[in-house]
Every structure is written in structure tokens, then in C-alpha cells.
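Colleague: These are the residues of each chain, in order.
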Amino acid sequence: MIKLQNISHSFTGSQNEHIPALKKINLEIKEKEKVVLLGTNGSGKSTLLKILNGLIYPEDGKYFYKSRELNRAALKDREFNKIFRKEVVFLFQHPDTMIFNPTVYDEIAFGLRQLKVNDVDEKVRHWSEKFSIAKYLNTPPFRLSGGEKQKVCLAALLCLEPEVLLLDEPSANLDPRTTGWLIDFLQELPLTIITATHNLHLARDLGEKTLVLSEHHEMFYQGDLKAFLDNKEKLIAANLLHVNRH
Amino acid sequence: MKDKLFLLFYAAAVIVVTSYHNIMFLAGFLVVMFVLSGAQFLLLFRKAFFAVVFFNSIISVSYLTVSLIQGHPWAQYIVLINLRVFLLTFMGFFIINRVNLFKALSFSSTMTFILVLAGSQILTFKKIYDDFAFALKSRVIKRAQTKDLHNYISSMICFFLNKSVNNSREVTQAMRSRGFFGD
Ligand SMILES: Nc1ncnc2c1ncn2[C@@H]1O[C@H](COP(=O)(O)OP(=O)(O)O)[C@@H](O)[C@H]1O
Ligand SMILES: [Mg+2]
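Order-wise, the sequence lines are chains A and B. Counting from 1, one number per residue, gives the positions in the first sequence under the working numbering. Counting from 1001, one number per residue, gives the positions in the second sequence under the working numbering.
Quick caveat, the hints were computed from the structure, so don't treat them as lab data. As the structure is a computational prediction, the values presented were derived from the model and not from experiment. It cannot be assumed that every hint is accurate.
Stated by the list, open to error - Some, not all, of what chain B presents toward chain A, calculated at C-beta under 7 Å:
no. : residue
1   : ASP1131
2   : PHE1132
3   : LYS1137
4   : SER1138
5   : ILE1141
6   : LYS1142
7   : ASN1151
8   : TYR1152
9   : SER1155
No residue lacks a Cβ here, since even glycine has one placed at the ideal position from N, Cα and C.
Could you build the full structure based on these sequences and the hints that come with them?
Modeller: Below, the structure is given as C-alpha cells:
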């Protein structure tokens, strides 16, 4: 479903210095696979998700989505862009950057209205109940707590019935109870899900497969998630675990 | 040393540009800056233009409206302010590409400290700003309506206003905690 070939990307800093973010990344993700993207802070997880969502075009390498190459030209094609934006959705790390509608209702309905579906109202109610945010439908979303905002964003994305869900550090704004709820919820979603996190406790239940980025922005490990999490040496080498001397 | 000299020239230029009110002089100064910028002319021009266009339009239009109502002359003032703000911005971008501010301010640990703080604030803000733009792009399936763009821009402005108030409070507390104010 998703295939990256030799993807590299870098940024330019404020002093014109070169900041590498990803180096020669190859990967393949099959339909309905649940993948955990691990890596220490600054290893390039968010950049990779943004590339997968067609927000950043990599400097080098190729990205295939359902065997069509995804580049500037492909996303300029109105019809394709529409399909892609509906099928591949992205939950940003800070929900604040995603919300801008006057009420929670409008926030959830935002995508549905663009698609001109008939039962907007029914869908908004269904998803708001599923996320226990129905009582806030008339509230401005910016008034909600971080965790509630995140639920609003998830409802707004999932009501589009996407095929791929990209999540960037979804537990960063959540309390432990909501985190547990989210993990259970995601496990049962029949979608392709790619979750970026540096939180090992969370990782175990978020998928079967893992992609691990090293501190040097290279692919460090690809394969079985449980095997990786049980391998202390590898975890230390990827700077995901620190062993104290005491 | 080169960085310190450059910064000194820049500071002198800013004082000159803000204290002379002669349009011909400022225009001449701008032409000199254009020539000095050489191959980077187009890039710097575009950056400076987009940086000031919003602010300057608002100021110009409001000044124009008030002057027309009160019957004051306005042309001179509007040309002057636009020219000056553009020149200062252009100079700013010109210098930032050539000077390593850390080297230029290395004589003072206070200045370096403030620079680090400002730099990290700017970087955080820029990243969040980028994410706002990315999130909209990601969520727009067909085309955003004017109403949506309006909501989007106002929510972004509110967010940054709130955030900068909170951030400056926190930075001040952190600086106090580290004994910066000596109180
Ligand atoms: N907009 C940007 N400008 C400059 N550098 C950036 C930008 N976005 C990311 N980076 C840099 O790219 C690297 C990878 O960042 P990121 O993908 O955010 O990592 P992660 O999500 O794994 O923490 C980091 O060194 C980061 O500082
Ligand atoms: Mg990140």
C-alpha cells in the first residue's frame, strides 16, 4: 500500500546550516498493518509522517501510494488529491494546530461537508458519541483540554472513513486513563495505522511491526515489534533506553 | 571580528535610516542595498516584501482613511513610512544572511543569552506555524471556503497571542530562577 524508496530529506537552519532529518529510508507497509514508528527525539519521525501525508516533498527518493508515485504533480491532480486527502489522514502532535472551527460540531463536520455527504448530522453525532464528546458539540474546541481536543481531532479524521491513519506522538497530551482508552480503540480499528512515538510503554500495544529511526536519521531496525522491544542492546543503541549504573 | 564590524555598521545604518526623513535619501539608500545584495537581490526582495506587505497595508490604509476624513495631506507620510519599513526589513534580511550573530555578540554573555532565548522562541513559533499550515493542507479535501480561511486565521492569531503571553511569562520566570535579574 505504501512504499518508500531511498527517501532523504533535510532542512535549512536559521544560520543557513544544513540539518539532516532523514537519510536513505526504505520501507513498505501493507494494507491494514499497524506499524509503530520509534526513534528518539529529533530522529525524524514527524518528518517521515509529513512526507507520508504529502505535506513535505522529500529532497531525494520516491514515495508510492497504492503504486502511484506521490509527488507535487500527483497532488496537483485535483481528483487524486481529493482521494488522497480523504484516504490518508494525519493526527498532528499538537491538536491546537488542527482546530479552527467555531464549534466542536463544525470541527467534526469540516471534512464531511467538503465531501458533500448526505448524512453529515448523523455521522457527527455517531462519532462524537463514540469519543464521548457529544456534550461538547456546541462548545468552541479551543476551550477543551488537550485530551478532549485530541478526541475532537480524531473524530474529525475518522468520520471520513479513511484507509490510513498517521499519528504523531498521540499520548503526549493524554492522561494515563485516556491513553489506555486510545490504545484499546486503535487496536480495534480496521485501518492501516502508523504511530510515531518515543514512548516504549505505549509502543508494545500499538502494533505488530516496527520501524526504528536512529539518532543519525537512518533506518535502524525494521521488523517484529515485540522482538525489538525485548532486545535491550538494540534499544540502548537507538537511544530509546538508558540503563542507570545503580 | 568581521561579524562584529558588520553588526556595528548595521546598527549605525538603522539609526541613520530611522532619523532621516528625506524620501530621496531613503530611496537612494535602498538602491545601494539592492546593488550590494547582488545575486541575492530577488530572494531578499521577495522575503522583505512578504514580510511587510500585510502590516504596511493596514497602516497605510488606516492612515489614508483618517487623513482623508480630517483633510490632512497624506502622500508624503505614506511613501516615507513604507519606504522606511521596507528598507529596514531588507537590511535585516541582508545582514542576517551574512553575520553569525553568536560571534557578533560574543563580547557580552547577557546578549548571547538573550539571543539564545530569542532564537529558540522563534524556532518553536516557526515550527508551530508550519504545522498550522500543514494541518490545513492535510484537512482540506476539495477547497477551503472563505469562511473556513477566516476561522483558520483568527484561531491561529488567538493561539499565537496566548502562546506568546504564556511563553514570555515562563521565560521571565526561568530567567528570574536563574538569577538573571539579580533581585
Ligand atoms: N521546520 C524545520 N526547520 C528546521 N529543522 C527542522 C524542522 N523540522 C524538523 N527539523 C529538524 O529535523 C530533525 C528531525 O525532526 P523531527 O522529524 O521533528 O524529529 P522527531 O519527530 O523524531 O522528534 C531534527 O533535528 C529537527 O530539529
Ligand atoms: Mg516529532
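Colleague: Next, verify each hint and record whether it holds.
Modeller: Taking the hints in turn, this is what the structure says about them:
For ASP1131 (chain B), the interface hint holds, the least distance from its beta-carbon to any beta-carbon of chain A being 4 Å, beneath 7 Å. Taking 7 Å as the C-beta cut-off, the interface hint given for PHE1132 (chain B) holds, the closest approach to chain A being about 5 Å. For the restraint placing LYS1137 (chain B) at the interface with chain A, the shortest Cβ-Cβ distance is roughly 6 Å, inside the 7 Å limit, so the hint holds. Evaluation of the SER1138 (chain B) hint against chain A yields a held restraint, the C-beta minimum of about 5 Å falling below 7 Å.
Residue-level restraint check for ILE1141 (chain B) holds (minimum Cβ-Cβ distance to chain A is 4 Å; threshold 7 Å). For the restraint placing LYS1142 (chain B) at the interface with chain A, the shortest Cβ-Cβ distance is roughly 5 Å, inside the 7 Å limit, so the hint holds. Given hint, ASN1151 (chain B) at the interface with chain A, holds; its Cβ is 5 Å from that chain's nearest Cβ, closer than 7 Å. Because the closest C-beta pair between TYR1152 (chain B) and chain A is about 4 Å apart, less than 7 Å, the hint holds.
Taken as an interface hint, SER1155 (chain B) checks out: its beta carbon lies about 4 Å from the nearest beta carbon of chain A, inside 7 Å.
When each numbered hint is compared with the structure, no violation occurs for any of them.
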